[in-house]
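Engineer: So the chains spell out like this:
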Amino acid sequence: MFPEFGQFSLILSLLLAILLATVPLAGSLAGRASLQAFARPLAAGQFVFVAIAFGVLTYAFMVDDFSVAYVANNSNSLLPWYFKFSAVWGAHEGSLLLWMLILAGWTLAVAIFSRRLPAVMTSQVLSVMGMVSVGFLLFLLMTSNPFDRILPNVPTNGADLNPLLQDFGLIVHPPMLYMGYVGFSVAFAFAIAALINGRLDAAWARWSRPWTTVAWAFLSVGIALGSWWAYYELGWGGWWFWDPVENASLLPWLAGTALMHSLAVTEKRGVFKSWTVLLAILTFSLSLLGAFLVRSGVLTSVHAFASDPTRGQFLLALLAITIVSSLTLYAFRAPVVHSRIRYGSASREIFLLLNNVLLMAAMLLVLVGTLYPLILDYLDMGRLSIGEPFYNLTFSPVAIAVGLLLGAGIFSRWKKTDGGWLARKLLWPAAVSLIVAVLVPLWMGKFEPWAFAGCFSAAWIVSATARDLLDKSASRQGRWHGLRRQSRSYYGMVLGHLGLALTMAGATVVSNYGVERDVRMSPGDTVSIENIDFAFVQIGERQGANFRAETAQVDISRDGRKIATLYPEKRQYTVQRSVMTEAGIDAGLARDLFVALGEQVGDNAWAMRIQYKPLIRWIWLGSLFMAAGGILAIADRRYRIREKVPVKPAALPDREPDAGRAVPEAMS
Amino acid sequence: MHPKRKKRLTLILFLMAGLSIAIGLTTYALRQNISLFYDPSQIASGEAPGDVRIRAGGMVEEGSVQRDPDSLRVTFRVTDFESSVTMEYTGILPDLFAEGQGVVATGRLNGDRLFVADQVLAKHDENYMPPEVMDSLEKAAARAESNTAQSIPEY
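Line order of the protein sequences matches chains F and V.
Position 629 (the first sequence) corresponds to 629 in my numbering; numbering is contiguous.
Position 98 (the second sequence) corresponds to 1098 in my numbering; numbering is contiguous.
Since the hints were made in silico from the structure, they are not lab data.
Among the clues, some could well be false.
Claimed, not checked - Straight-line distance between alpha carbons at most 20 Å, and here's what the computed PhoX-like set of lysine-lysine pairs gives:
no., chain 1, residue 1, chain 2, residue 2
1, F, 415, F, 562
2, V, 1007, F, 416
3, F, 415, V, 1004
4, F, 415, V, 1006
5, F, 472, F, 562
6, F, 268, F, 472
7, F, 416, V, 1006
8, V, 1139, F, 415
9, F, 446, F, 268
10, V, 1004, F, 416
11, F, 416, F, 472
This one's a predicted model, so the numbers in the text were calculated from it and none came from an experiment.
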């Protein structure tokens, strides 16, 4: 198979994307159904050709076609087949192709699952997705073609994949993350389509909700995988570094979380419409900003790809066009009518509004911390970096406040909540959380104010959620019946909130009570941390597939009873001649024991990093809970019943573009 | 006051208060946690402040890495090929730390103008050069070039 086929099909898909971006949109504006009918076939065609291109590149990796520059730079004939596969997205060009494949996949998914939407909406949404595709396909073809050849001097072997990326984490982390990033383009497309046709109503919110939730769930898993991967593969046991690229993934996550909650209000109560639209635009813009930060070479980061100024300029232009055009559209079309729907000062609306305020505050903090050094550097006002303490100092209080608000918000009702009633409801969770927040420091043996606050907030979420579940499931036919009566989206919410509590508890405990020690050890030495003995038994060498490793044996025991034996390694990769640290980890739900082998510091002595990490697994477990909650929520019946019932014209009146702006639906 | 206006006023006051607290906290936190980058020449010329957390970087000088025989303390010199600064670090150095490689360290200059680092970063790609270091090397090279250019007429 010739790599040129890949490039050719990318060009074809660009042509299809251009058609997709224009024809159905024109059809919907002119009211011509025949043109709108092109939307779905075009979306399918675009996906097929991007998939062919992706297949061609994968094939080139599998057969070691080193005439393709990208393959030669990122693969090697010694690489195991699964790493050859994941090497497809191991560097800039291929990962962008993966990004494009996922974008085309989301477009196709919208085309498939939008049968019950009005044709106008579908064609406009797909057209907007097509515009995004045009941008990225142009970027791919003009600045980062993965199919460039090295001819006629074909290298005999490749330069190998960066050893850091030769790991299970790389196989799954980027696809998950991109599913999230790109998934927000659907919410964006829905928002833009709603602005174009002026139909910003509850139906619009209901349609875009499941898409937003799925994208958010993927992004949650993607971020957690990245954190987990950094923890064991970067070798030194940190799980979040506030690295600008990590921040770049956190920004759309925070905005996406706000969007999910704001969409709930718009769907249920028909308010916050303008804000929700703005959030949808913001969330996708932040995804684009992330792509820009990672791929333009402006950052010093593990993630930064080799830089090429034209790429940065292109992405910056793409970002600017997206923001300017969608905000212009917003300025002209956002609902100007004041909503006459009333809600009291302790209503669920207000709680969700405050949730959005806090999430936006958190987002802005991270944004300031990430962009401030870049802007100063660009203006040539000095190079500076903003360290972890900034984020710990500012982000933690906001996160704790989010938890406290959440616990109270669960009980609140739409329209109006009685303050006294709410306070009585909260008495019991407050007592439980206070006990937990006092017990944890006692158990860990040291009082830390942040640990107290974090544990209180996490326990508060759990106890309030449990209390609410008990209240809601009270039934004369027994608890089980009551539990079964709750909707899937309710359970999704419960799971998601519990996940947040888990992550919060894990992050709090491990950052306050984790023990980290760098020591100099010779075989025979023993070090004790938290009554656990780490004995350095011996060190030896072994030969891997494409590396040579020094392996230490560390026996871990407590009170003379053996717990585990770890084999931390220092690997020397032969092709790239780079050194990698493979930590030895004894993982557990309650704590991780972590040993990393440093460099040799004497004739018979090595540097070792030994860590005791309580509850660290909870951080990632929590995000799995959150993602599972999201998936459960979209499996809710109310999203599916409508598929079976044919849409009656009366249910979704085909109003004139302006009609949607007049009176909110809930008013009628 | 009209109850609706009153509600709006409280909301606005509430938002203003929240916003000013947030801005105040953020600027305070920013001021506390910014560390500026200085290259070895700037440190040698006394431009860099003492006892403030700063970042410094350059190439690790060949033959300058010295380890303490009993602990994990290590000292090395970092240069931009014009001046150099001695750094001290206790702990595990990154995998790609080596003589002749670019590094960026965060820490403080003590009274003896010794840079005590609490964090040393070397990049995970042997061809990668931290942009700060690249920049400072280019500047130093440019200065060296203009010096030689100026010195030619003196011959």
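Engineer: Each hint needs a verdict: does it hold in this structure or not?
Structural biologist: Comparing the hints with the structure gives:
Restraint check for residue 415 of chain F and residue 562 of chain F: the C-alpha separation of about 59 Å exceeds 20 Å, so the hint is violated. At most 20 Å may separate the alpha-carbon atoms for a hinted pair to count; residue 1007 of chain V and residue 416 of chain F meet this at roughly 14 Å. Proposed proximity of residue 415 of chain F and residue 1004 of chain V is supported: the alpha carbons are some 15 Å apart, at most 20 Å. Proposed proximity of residue 415 of chain F and residue 1006 of chain V is supported: the alpha carbons are some 18 Å apart, at most 20 Å.
The hinted pair formed by residue 472 of chain F and residue 562 of chain F fails the criterion: a straight-line CA distance of about 47 Å is larger than 20 Å. Of the pairs offered as hints, the one joining residue 268 of chain F and residue 472 of chain F holds, with about 19 Å between alpha carbons and a cut-off of 20 Å not exceeded. A threshold of 20 Å between alpha carbons decides the hint, and for residue 416 of chain F with residue 1006 of chain V the separation of about 18 Å falls inside it, so the pair holds. Distance restraint check for residue 1139 of chain V and residue 415 of chain F: the Cα-Cα separation of roughly 64 Å exceeds the 20 Å cut-off, and the hinted pair is therefore not satisfied.
Restraint check for residue 446 of chain F and residue 268 of chain F: the C-alpha separation of about 46 Å exceeds 20 Å, so the hint is violated. Restraint check for residue 1004 of chain V and residue 416 of chain F: the C-alpha separation of about 15 Å stays at or below 20 Å, so the hint holds. For a cut-off of 20 Å, the pair hint linking residue 416 of chain F to residue 472 of chain F stands: about 18 Å separates their Cα positions.
The structure shown violates the earlier hints numbered 1, 5, 8 and 9.
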